[in-house]
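Below are the chains, spelled out letter by letter.
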Amino acid sequence: MKFKMVMISLLTVVFLFSSVPVFAQVISDEKAKIVWGYCPYGMLETGVMKGKQFWKPYLPNVDVEWFFGLYSPHLVNNWIAGKIELAYLGNMPSVMLRAQKPDAKWVGIAVYPHGDVGAIFVPKDSKIQSVKELNGKSVATGVGSSHHRILEEVMKQENIKFDIMNQAPEVAIGNLEAGKIDAFCYWPPYIEMAKYKNIGRILPPGNLKKYEPYVNAIWTIMVSENFAKKYPKILKGLIKADLDLHRFMKEKPDEAAQIVFKELEEKMPLQVLKASLASYDYADRFDQEHIDVMQRDIDFLYSKGFVKKEIKAAEWADTSYVKEILSEKKK
Amino acid sequence: MAPEQYDVSGVIIEKPSAASKVFNAKNLLKVISIVSLFVLWALLVRFNVYRFGLLPTPADVLTWGIEWVQGKLFWIDVAYTFARVWGGVLTACLIAIPMGLMIGWNKVFSDFTFPMVEILRPIPGIAYIPVAIMFLPWEEASTAFICFIGAFFPIIVNTITGVKTIDRSYFRAALCLGSNPRQIFWHIVVPGALPYISTGMALGMGIGWMASVAGEMISGKYGLGYRIWESYTLIRYPLIVVGMICIGFLGLASSAAIRYATKRVVPWRKAITESLDESITKR
Chain F
1 MKFKMVMISL
11 LTVVFLFSSV
21 PVFAQVISDE
31 KAKIVWGYCP
41 YGMLETGVMK
51 GKQFWKPYLP
61 NVDVEWFFGL
71 YSPHLVNNWI
81 AGKIELAYLG
91 NMPSVMLRAQ
101 KPDAKWVGIA
111 VYPHGDVGAI
121 FVPKDSKIQS
131 VKELNGKSVA
141 TGVGSSHHRI
151 LEEVMKQENI
161 KFDIMNQAPE
171 VAIGNLEAGK
181 IDAFCYWPPY
191 IEMAKYKNIG
201 RILPPGNLKK
211 YEPYVNAIWT
221 IMVSENFAKK
231 YPKILKGLIK
241 ADLDLHRFMK
251 EKPDEAAQIV
261 FKELEEKMPL
271 QVLKASLASY
281 DYADRFDQEH
291 IDVMQRDIDF
301 LYSKGFVKKE
311 IKAAEWADTS
321 YVKEILSEKK
331 K
Chain D
1001 MAPEQYDVSG
1011 VIIEKPSAAS
1021 KVFNAKNLLK
1031 VISIVSLFVL
1041 WALLVRFNVY
1051 RFGLLPTPAD
1061 VLTWGIEWVQ
1071 GKLFWIDVAY
1081 TFARVWGGVL
1091 TACLIAIPMG
1101 LMIGWNKVFS
1111 DFTFPMVEIL
1121 RPIPGIAYIP
1131 VAIMFLPWEE
1141 ASTAFICFIG
1151 AFFPIIVNTI
1161 TGVKTIDRSY
1171 FRAALCLGSN
1181 PRQIFWHIVV
1191 PGALPYISTG
1201 MALGMGIGWM
1211 ASVAGEMISG
1221 KYGLGYRIWE
1231 SYTLIRYPLI
1241 VVGMICIGFL
1251 GLASSAAIRY
1261 ATKRVVPWRK
1271 AITESLDESI
1281 TKR
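Here the protein sequences come in this chain order: F and D.
Heads up, the first sequence is in the numbering used here, so the first residue is 1 and it goes up one at a time.
Heads up, the second sequence is in the numbering used here, so the first residue is 1001 and it goes up one at a time.
Keep in mind the hints are simulated off the structure, nothing from the lab.
Just so we're clear, the structure is a prediction, and the values are computed from it rather than from any experiment.
Just so you know, nobody snuck in bad clues.
With a straight-line Cα cutoff of 30 Å, these simulated DSS-like cross-link-like pairs (lysine-lysine) come out: (1) LYS124(F) to LYS1221(D); (2) LYS308(F) to LYS83(F); (3) LYS1221(D) to LYS132(F); (4) LYS161(F) to LYS1221(D); (5) LYS230(F) to LYS312(F); (6) LYS309(F) to LYS161(F); (7) LYS309(F) to LYS1072(D); (8) LYS33(F) to LYS83(F); (9) LYS1221(D) to LYS101(F); (10) LYS156(F) to LYS1221(D); (11) LYS1263(D) to LYS1026(D); (12) LYS1221(D) to LYS137(F); (13) LYS33(F) to LYS101(F); (14) LYS1221(D) to LYS195(F); (15) LYS137(F) to LYS1072(D); (16) LYS101(F) to LYS233(F); (17) LYS1072(D) to LYS308(F).
Chain F is nowhere near these chain D residues, computed Cβ spacing over 12 Å in every case: (18) PHE1023; (19) ALA1059; (20) ALA1083; (21) VAL1117.
All C-beta atoms, glycine included, are put in the ideal place defined by N, C-alpha and C.
Could you put together the complete structure from these sequences and hints?
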């Protein structure tokens, strides 16, 4: 009996002590339902955030309603229509959103690929063997996307000129297969998908790191001023959860791929997802380097007339949340 | 200028002058109708009625429109879309009219082909995009194919209806007079169905323009529909509206051209439409 009592007491102490960090992690116990925009096909890691609910330890009473967008521009249009105030977005759509909604804040970095942003893909029977040989050919990408900027950079650095066709990735895959375009350049997982379908090959050197730092891209976490004011603690919790997501993606890539596979209802082959996620990289900080990358995107969009307003990335970026979380971590 | 007067068998007929043909109460009402639409739009946006505040103002649209029209790109876009739509619709006419005549006239042909038409008819043009990409070897053909699909079904259905509504006594009379099937086809079936064919062509043209936006999603470079999609991804709402207005006007002009041409080719259709106009006016 005495032994039993000791064991129960011990277990209680162990339970209490083990629970303390969990309770200590809570940033806000406010009850809220938030809508979070995401593109699980274009930004695969967002499916992991959805599946693993990394915000729950910090925000136990927050429920997230995920707002699906096939691509970031769909989310931007819905944001402008007032349907979402928080979203994971590609860098160029983030700039376009900011141009339309000056109250849209850039508060975090979802993905930072360090030049590993994709590749140029040609049909398997194509005679094109190098980027230089794309001169005078047609290359599909999303006009106004970071890949559009990257292709322009490639043309500049290689001193060539090719015709940029504005097509959605799924349309371009079909067009490449049918031989209607000479090449395409997209973000993951479309390059991996094309490889998997064996419709072509990647032009050497494989990825576009050769053109770094000019080909860097950033996927952002965007939030409205209104949301940030209404839920400051919740926002902090969400950004902290995103940093946890980065760690998870780096440490457990196979498990992450499995989660994405399920989130996408097994519509995309697992090996495509694994290969795509392997090309991702994440930033554990938010500073001048990222602001400079974004400024290059802004300058490109402005030079093309896609945004009419000059935007200063330094004035737009709100690094305070990430910095606060990182300084707390150090303590 | 006073209208000219003619005395024909004691009846005075007034021939209106060119100016009075343009500047009359009927046309004034049409102009007021269009102006009212723009004024209503401006007011809805200005006072943010429901969610209209999210739309661009007519002034924004005008500014973007002027800028676009002044550039070369606008005319290239118009030319591409025009060629795709007309190419698609005329090809649809070439296939749907003979096919519709045969379905309407020949029972065996009808039993064999009409079920296929009925199965394919409800499928929206946009669903054919993957097929168009894979099936047709040229980029332009893929885009025009979506317009073709849009136009094909109204034309064929109207053609079939045109044949079916021909007074049966014409066929009996022709047979009594010893006409052979070929003569019946060319002298009764074709002219009898023409009023409906022309209606089908005008409808098909309208739907061809509607389908152009979906078709040009895959064009990747030029076209009014393409520009609308590009503006959606680049969040340039005024340009979307400019593109919509351009498609509206070009669609209207194309349908009017078909109606005008068919009035000349099918004068007996004019009699039908005029009697319809009269009955509408009387009501």
